[in-house]
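Residue numbers (numbering that gives the first Met the number 0), protein chains in the order written: chain A, 0 to 311; chain B, 0 to 335; chain C, 0 to 280; chain D, 0 to 145.
If you are wondering where the hints come from, they were derived from the structure by calculation, not from laboratory data. There could be a bad hint or two in this list.
[To be verified] Far from chain A by the CB rule (all over 12 angstroms, computed), these chain D residues: (1) 25; (2) 27; (3) 29; (4) 32; (5) 33; (6) 36; (7) 68; (8) 112; (9) 129; (10) 140.
[Unchecked claim] Keeping only pairs whose Cα atoms sit at most 30 angstroms apart, straight-line, the calculated DSS-like set for lysine-lysine is: (11) 136(D) to 59(B); (12) 139(D) to 263(B); (13) 166(C) to 30(C); (14) 79(B) to 139(D); (15) 48(B) to 67(B); (16) 207(B) to 17(B); (17) 297(B) to 151(B); (18) 77(C) to 247(B); (19) 224(C) to 207(B); (20) 189(A) to 136(D); (21) 67(B) to 30(C); (22) 189(A) to 129(D); (23) 311(A) to 136(D); (24) 195(B) to 326(B); (25) 189(A) to 48(B); (26) 278(B) to 217(A); (27) 180(A) to 86(D); (28) 139(D) to 45(B); (29) 39(A) to 326(B); (30) 159(B) to 8(B); (31) 190(B) to 278(B); (32) 151(B) to 8(B); (33) 151(B) to 17(B); (34) 38(A) to 11(A).
C-beta: ideal position from N, C-alpha, C; glycine also.
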Amino acid sequence: MYEEELHRLSVKLLDEVEYIIGYTSGTLPFRSRPFLCRKKEEVELLTFDHFSGSNLTRYLLSKDLREKKVAILAKGCDARTITVLLREGQIKRENVVVVGLPCYGMVSLRKLEKHFGSLRPQDFTWHLDTFTFQGKTQSIGPFLENTCQRCLYPNPPLFDYLVGSRVEYVPRERWKEDSLKRLEEISSEKRWEFFAQEFQRCIRCYACRNACPLCYCKECFAEAQRPYWLSPAATRSENLFFHAGRALHMAGRCVECGACERACPLEIPIALLPLKVEELVREHFTFEAGVSPDREPPLLTYRENDPNEFIK
Amino acid sequence: MRGLTMRVKMISQEQFRKRLAEKENHLAITEKAQDVHRQFLPPGIKVVKTPKEILFPSWKEMYRFFFKERSWEIQEVEEKAFSDPTFLLLLPCEARAVVEVLDTNFLREDYRDTDYARRRARLNLVILGCPAQHPTCFCHLVGGSPVWRDGKSAFVLPWKEQFYVENDEVLFGEGDPVNTQEKREIESWEKALQEKLPPPLSPDFPEKLYAHFEDPEWQDIAFRCINCGACTFLCPTCYCFDLTVDGKLRGSMLRTWDSCMFPKFTLHASSHNPRPTGKERVRQRVMHKFSYFPIREKRYGCVGCGICREICPVNWDIKEAVERMVKRIDSRCDIN
Amino acid sequence: MIPAATSTERNIYLPELVSIEEILEETRDIKTFRLKRPGNFHYRPGQFAEVFVPGRGEAPFSITSSPTEELYLEFSIKKTGTVTEALHRLNPGEMVGVRGPYGNGFPIESLQGWNLLFIGGGIGLAPLRSLINYVLSPLYRKDFGAVSILYGARTPQDLVFRWELQKWGERTDLFLLTTVDRGEPSWEGRVGLVPEVLKGMPVLNAQTLKAIVCGPPIMIKFTIKALLEMGFQPSNIITTLEMRMKCGLGKCGRCNIGPYYVCKDGPVFTYEELQTMPEEY
Amino acid sequence: MVNEENWEPKIVAFLCHWCSYAGADLAGVSRIQYPPNIRVIRVPCSGAVNPLYILKALREGADGVLVSGCHPGDCHYLSGNYFARRKFFLLKELLRFLGIEEERVQFSWVSASEGQRFSQVVQEVVESVKRIGPSRKNIKEFVFHV
Numbered sequence: 000m001y002e003e004e005l006h007r008l009s010v011k012l013l014d015e016v017e018y019i020i021g022y023t024s025g026t027l028p029f030r031s032r033p034f035l036c037r038k039k040e041e042v043e044l045l046t047f048d049h050f051s052g053s054n055l056t057r058y059l060l061s062k063d064l065r066e067k068k069v070a071i072l073a074k075g076c077d078a079r080t081i082t083v084l085l086r087e088g089q090i091k092r093e094n095v096v097v098v099g100l101p102c103y104g105m106v107s108l109r110k111l112e113k114h115f116g117s118l119r120p121q122d123f124t125w126h127l128d129t130f131t132f133q134g135k136t137q138s139i140g141p142f143l144e145n146t147c148q149r150c151l152y153p154n155p156p157l158f159d160y161l162v163g164s165r166v167e168y169v170p171r172e173r174w175k176e177d178s179l180k181r182l183e184e185i186s187s188e189k190r191w192e193f194f195a196q197e198f199q200r201c202i203r204c205y206a207c208r209n210a211c212p213l214c215y216c217k218e219c220f221a222e223a224q225r226p227y228w229l230s231p232a233a234t235r236s237e238n239l240f241f242h243a244g245r246a247l248h249m250a251g252r253c254v255e256c257g258a259c260e261r262a263c264p265l266e267i268p269i270a271l272l273p274l275k276v277e278e279l280v281r282e283h284f285t286f287e288a289g290v291s292p293d294r295e296p297p298l299l300t301y302r303e304n305d306p307n308e309f310i311k
Numbered sequence: 000m001r002g003l004t005m006r007v008k009m010i011s012q013e014q015f016r017k018r019l020a021e022k023e024n025h026l027a028i029t030e031k032a033q034d035v036h037r038q039f040l041p042p043g044i045k046v047v048k049t050p051k052e053i054l055f056p057s058w059k060e061m062y063r064f065f066f067k068e069r070s071w072e073i074q075e076v077e078e079k080a081f082s083d084p085t086f087l088l089l090l091p092c093e094a095r096a097v098v099e100v101l102d103t104n105f106l107r108e109d110y111r112d113t114d115y116a117r118r119r120a121r122l123n124l125v126i127l128g129c130p131a132q133h134p135t136c137f138c139h140l141v142g143g144s145p146v147w148r149d150g151k152s153a154f155v156l157p158w159k160e161q162f163y164v165e166n167d168e169v170l171f172g173e174g175d176p177v178n179t180q181e182k183r184e185i186e187s188w189e190k191a192l193q194e195k196l197p198p199p200l201s202p203d204f205p206e207k208l209y210a211h212f213e214d215p216e217w218q219d220i221a222f223r224c225i226n227c228g229a230c231t232f233l234c235p236t237c238y239c240f241d242l243t244v245d246g247k248l249r250g251s252m253l254r255t256w257d258s259c260m261f262p263k264f265t266l267h268a269s270s271h272n273p274r275p276t277g278k279e280r281v282r283q284r285v286m287h288k289f290s291y292f293p294i295r296e297k298r299y300g301c302v303g304c305g306i307c308r309e310i311c312p313v314n315w316d317i318k319e320a321v322e323r324m325v326k327r328i329d330s331r332c333d334i335n
Numbered sequence: 000m001i002p003a004a005t006s007t008e009r010n011i012y013l014p015e016l017v018s019i020e021e022i023l024e025e026t027r028d029i030k031t032f033r034l035k036r037p038g039n040f041h042y043r044p045g046q047f048a049e050v051f052v053p054g055r056g057e058a059p060f061s062i063t064s065s066p067t068e069e070l071y072l073e074f075s076i077k078k079t080g081t082v083t084e085a086l087h088r089l090n091p092g093e094m095v096g097v098r099g100p101y102g103n104g105f106p107i108e109s110l111q112g113w114n115l116l117f118i119g120g121g122i123g124l125a126p127l128r129s130l131i132n133y134v135l136s137p138l139y140r141k142d143f144g145a146v147s148i149l150y151g152a153r154t155p156q157d158l159v160f161r162w163e164l165q166k167w168g169e170r171t172d173l174f175l176l177t178t179v180d181r182g183e184p185s186w187e188g189r190v191g192l193v194p195e196v197l198k199g200m201p202v203l204n205a206q207t208l209k210a211i212v213c214g215p216p217i218m219i220k221f222t223i224k225a226l227l228e229m230g231f232q233p234s235n236i237i238t239t240l241e242m243r244m245k246c247g248l249g250k251c252g253r254c255n256i257g258p259y260y261v262c263k264d265g266p267v268f269t270y271e272e273l274q275t276m277p278e279e280y
Numbered sequence: 000m001v002n003e004e005n006w007e008p009k010i011v012a013f014l015c016h017w018c019s020y021a022g023a024d025l026a027g028v029s030r031i032q033y034p035p036n037i038r039v040i041r042v043p044c045s046g047a048v049n050p051l052y053i054l055k056a057l058r059e060g061a062d063g064v065l066v067s068g069c070h071p072g073d074c075h076y077l078s079g080n081y082f083a084r085r086k087f088f089l090l091k092e093l094l095r096f097l098g099i100e101e102e103r104v105q106f107s108w109v110s111a112s113e114g115q116r117f118s119q120v121v122q123e124v125v126e127s128v129k130r131i132g133p134s135r136k137n138i139k140e141f142v143f144h145v
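This is chain A alone, in the form it adopts within the complex (with noise of 0.2 angstroms):
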């Protein structure tokens, strides 16, 4: 998508900034992945797909890229990232320029194949939100990620430069999907079978910690020594400790982005517990993360109404 405005920026953004950090295709079928554009020539390599999942802010963290001035490439969600790192200080407004994608959704390539089976890149050709296989032409939403189908924010509200033009609905209000809804619904013992269940297959990779932005500690509490909270052991409830643990790490924070669940070599859908806290921190504490920089994150404020009535 955007490609070849998103070429001529970069172009020129090159002047001024030492890199652009965006997608380029990957090496494996419907796969694309983070590259760093450094020369005028690799420009060409960008690209932007239904399928450039990974939230790339975490790369403005590195070592070598915090101090330099560098151009990135970000979605509604991966703009919200930004936002949230800024009030946290943890980068330089002066150092990014944000590059604004408004984003229909990422597709799942899950979803995909348990719907057509095994599938060529080939046989596909991709619009803004819809797809044509085989002749048919059919709308992305139901294939879309769990994240991406109740997304609240597919235009960047924070950007320097936005490439195509904005996303005119919300997803949320358009699709209708809502897994993290849809889990609240059945009875909470079925709910204890399906967390225990997918909790049983996690292996402790850290795929999804190391995949979000916002996990940036310089220790994680679950390698932690002093204080030894929990072994690296991937049992169920090592497993349930160290995702709620992150959840609640994550309140007011989860830009709802999903990167975490992309990032899972098990598929575990581990996105619903900060999905779960940060619809919470919505509900009842009334904020969204990375929307607008200045309000005061909930868990370093209060209110006197605050929920009260489950303490005795």
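Model the placement of chains B, C and D on the given structure of chain A, informed by the hints.
Just chains B, C and D now, with coordinates in the frame of chain A:
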């Protein structure tokens, strides 16, 4: 490798499916083997992501300690009856990972890991040959082939609506003998398949790669890697583990999976870390499999199964990294 | 087929519990622990063992007592991490686990017949002490030539094995020189960094000398540079390396420098071997 | 592992030093009886209770966790309990979302003068934990009994 005493037989596809369905609760199959041979397999066989789930589980209590009557006691963990499967269906590359890498590390004569040895002796490998090379794998690059086998474990190859089976007494039951003409046909087909494969890495690649330790190329290769443990945990050849104590007055020493990608892997108590950034750690992963392990054990530490390429969150590709280093080496650029 | 692990086969990770007989306070953060020697525990100087503190963890420490002491094992341990902190809280009579010995130890055969120069820095004297006492023991003294020891620490309070330094000083067949980086009024001995003091030592005939160096990485680097300038051959400079270790058996994959596992192929290397290794330690 | 009849739940109670701990003290001094199942951990303020403490307690085998602090407005540090309330709310809702029994983690405000009320709160907590039985969902797998 194919001695005369090798028992070979042909069985029909129905017999293959029926026998597997019968022994279902003793069986497991790796996910990649299931993808390649899906159409021949009965449903309901336990799927494991990697052979390590059975041979080298992600966590295992090595021993227990507890404080009793004012002194400490240490106790081995008594082995409860194994519920793990006794047969594992896997692809030649994964079998090679078990036989040529995991066994080398855990069953070395000086210190045998008794837990691994017990599990390995109990498990019968059933190697399902690949009819053709899968697009994401590169077993040819590291000296493997789609029809590799170790001559001891059972080997099954789909052959013209039937299955050619080697070395199996228990699993598939009786089969009709293989006449010499058919045997020669199979062997020539295998030879043709292997000739068609692209050439492997040059024999002196490990030493040459070793000399390119300081090559600036590593910085670019390592840029996009987010240093998670996904590739190392699901790689059939990665055997690194951690020994941690859990529990204060009573607890256990746990052997769990560990990854050279994690910063704490080499962090000294003095907070010095010989591999402080992602570049050193990505370089260690590639150098271990394509230089250090081959220099020590005369075989590659990677079997080219391509699992790490498929599951990497940012599509970091070890084959691409090796090919870039090959280009650097061939371009004769001296770096020091 | 792979022989099944017989139940009698030893679990290689199992430590043996031994009691702490004596704890000597060397400096404010270094203590020497004297443990009862586990059954059939035979080791060479320079080898290390994994010490298991129940309820806390396990860590590798070089054995500082010489194998000639039959009854006990000694470890000199500096308080730096969780396991060492737990060790420093223990009292005599409590139990710790010992597993080992591991590592290749000093190349005794290749040292025989040579004059020896020991250079230790801070706690780095601990692994050297095992070899020094082995060499000075009545049984093996004749196998080795002249022995000289250069030992440096940051301040006089950081000097370890003070009573042993005293004993070594009184011996006639041994040249001992102790220095500190920063002197104090009460300190009459030499003041200066080990590499500088080394250059100032009386004329050393590098052809007949083997140097054994142990200490913090920076000290090793500059000392080796000084030794090379004084004409020492790389194969005659021997040092031990510090890497993070967990199993000690060459299996857990973390202590490698290039293809060498420091816990199995090391921790003792000659500088000649170090030159072939990548700069990653 | 544990037979049901004479099973006594193990409950970890984080009591804030200024109010709830003093309340518990007052209950003891005035000889008010309350079940002995709680193991008290004194914390400077309910705001100092990191949700990871609660998850850690459940992991190590606690059947129930009670966190008790000053009533909103009485906090010695003025706003410690207000911040804590938000964190506890998120933790409670997250555990409920995961399908973990409500009674596992309970919170209360008990002031220094409410000795009687403290024993009632403990009474309620112990009974409700007894009703739902030993904790199985969070306890670490390699616990063993000597």
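Going through the hints against the structure:
Every CB of chain A lies more than 12 angstroms from the CB of residue 25(D), the least distance being 17 angstroms, so the non-interface label holds. Taking the minimum C-beta to C-beta distance to chain A, about 20 angstroms, the non-interface status of residue 27(D) holds against the 12 angstroms cut. The Cβ of residue 29(D) lies farther than 12 angstroms from every Cβ of chain A, with a closest approach of about 21 angstroms, so its non-interface assignment holds. The beta carbon of residue 32(D) is kept farther than 12 angstroms from every beta carbon of chain A, the shortest such distance being approximately 19 angstroms.
Every Cβ of chain A is farther than 12 angstroms from the Cβ of residue 33(D); the closest lies at roughly 14 angstroms, confirming the non-interface assignment. In this structure residue 36(D) is separated from chain A by more than 12 angstroms, as the shortest Cβ-Cβ distance comes to about 16 angstroms. At roughly 9 angstroms from the closest C-beta of chain A, the C-beta of residue 68(D) falls inside 12 angstroms, breaking its exclusion from the interface. With a closest Cβ-Cβ approach of about 17 angstroms to chain A, residue 112(D) is found to remain outside the 12 angstroms limit, as its non-interface label requires.
In this structure residue 129(D) is separated from chain A by more than 12 angstroms, as the shortest Cβ-Cβ distance comes to about 17 angstroms. Annotated as non-interface, residue 140(D) brings its C-beta within 12 angstroms of a C-beta of chain A; the closest such distance is 4 angstroms. Proposed proximity of residue 136(D) and residue 59(B) is supported: the alpha carbons are some 20 angstroms apart, at most 30 angstroms. Only pairs whose Cα atoms come within 30 angstroms are accepted, and residue 139(D) paired with residue 263(B) is accepted, the gap being roughly 23 angstroms.
As the CA atoms of residue 166(C) and residue 30(C) are separated by approximately 19 angstroms, the hinted pair is consistent with the 30 angstroms bound. Using a Cα cut-off of 30 angstroms, the hinted pair residue 79(B) and residue 139(D) holds, with the two alpha carbons roughly 19 angstroms apart. With a CA separation close to 41 angstroms, the supplied pair residue 48(B) and residue 67(B) exceeds the 30 angstroms bound. About 50 angstroms separates the Cα atoms of residue 207(B) and residue 17(B), which puts this hinted pair outside 30 angstroms; it is violated.
Between the alpha carbons of residue 297(B) and residue 151(B) the distance comes to roughly 21 angstroms, so the proposed pair stays at or under 30 angstroms and holds. Simply put, residue 77(C) and residue 247(B) have alpha-carbon atoms about 22 angstroms apart, close enough for the 30 angstroms limit, and the pair holds. Distance hint between residue 224(C) and residue 207(B) is fulfilled; the C-alpha atoms sit about 28 angstroms from each other, no more than 30 angstroms. Of the supplied pair hints, the one linking residue 189(A) and residue 136(D) holds, its CA atoms being roughly 13 angstroms apart against a limit of 30 angstroms.
At roughly 27 angstroms between alpha-carbon atoms, residue 67(B) and residue 30(C) fall within 30 angstroms of each other, so this suggested pair holds. Proposed proximity of residue 189(A) and residue 129(D) is supported: the alpha carbons are some 22 angstroms apart, at most 30 angstroms. At most 30 angstroms may separate the alpha-carbon atoms for a hinted pair to count; residue 311(A) and residue 136(D) meet this at roughly 24 angstroms. Under the criterion of a C-alpha separation no larger than 30 angstroms, the hint pairing residue 195(B) with residue 326(B) is consistent with the structure, at around 23 angstroms.
With a CA separation close to 26 angstroms, the supplied pair residue 189(A) and residue 48(B) stays within the 30 angstroms bound. For the proposed pair residue 278(B) and residue 217(A), the alpha carbon gap of about 17 angstroms is at most 30 angstroms, so the pair holds. Of the supplied pair hints, the one linking residue 180(A) and residue 86(D) holds, its CA atoms being roughly 22 angstroms apart against a limit of 30 angstroms. For a cut-off of 30 angstroms, the pair hint linking residue 139(D) to residue 45(B) stands: about 25 angstroms separates their Cα positions.
Proposed proximity of residue 39(A) and residue 326(B) is supported: the alpha carbons are some 23 angstroms apart, at most 30 angstroms. Taking the CA atoms of residue 159(B) and residue 8(B), the gap is about 14 angstroms. The hint holds against a cut of 30 angstroms. For the proposed pair residue 190(B) and residue 278(B), the alpha carbon gap of about 40 angstroms is over 30 angstroms, so the pair is violated. Among the hinted pairs, residue 151(B) with residue 8(B) is consistent with the structure: their alpha-carbon atoms are about 15 angstroms apart, no more than 30 angstroms.
Restraint check for residue 151(B) and residue 17(B): satisfied, since their Cα atoms lie roughly 24 angstroms apart, inside the 30 angstroms limit. Of the supplied pair hints, the one linking residue 38(A) and residue 11(A) holds, its CA atoms being roughly 11 angstroms apart against a limit of 30 angstroms.
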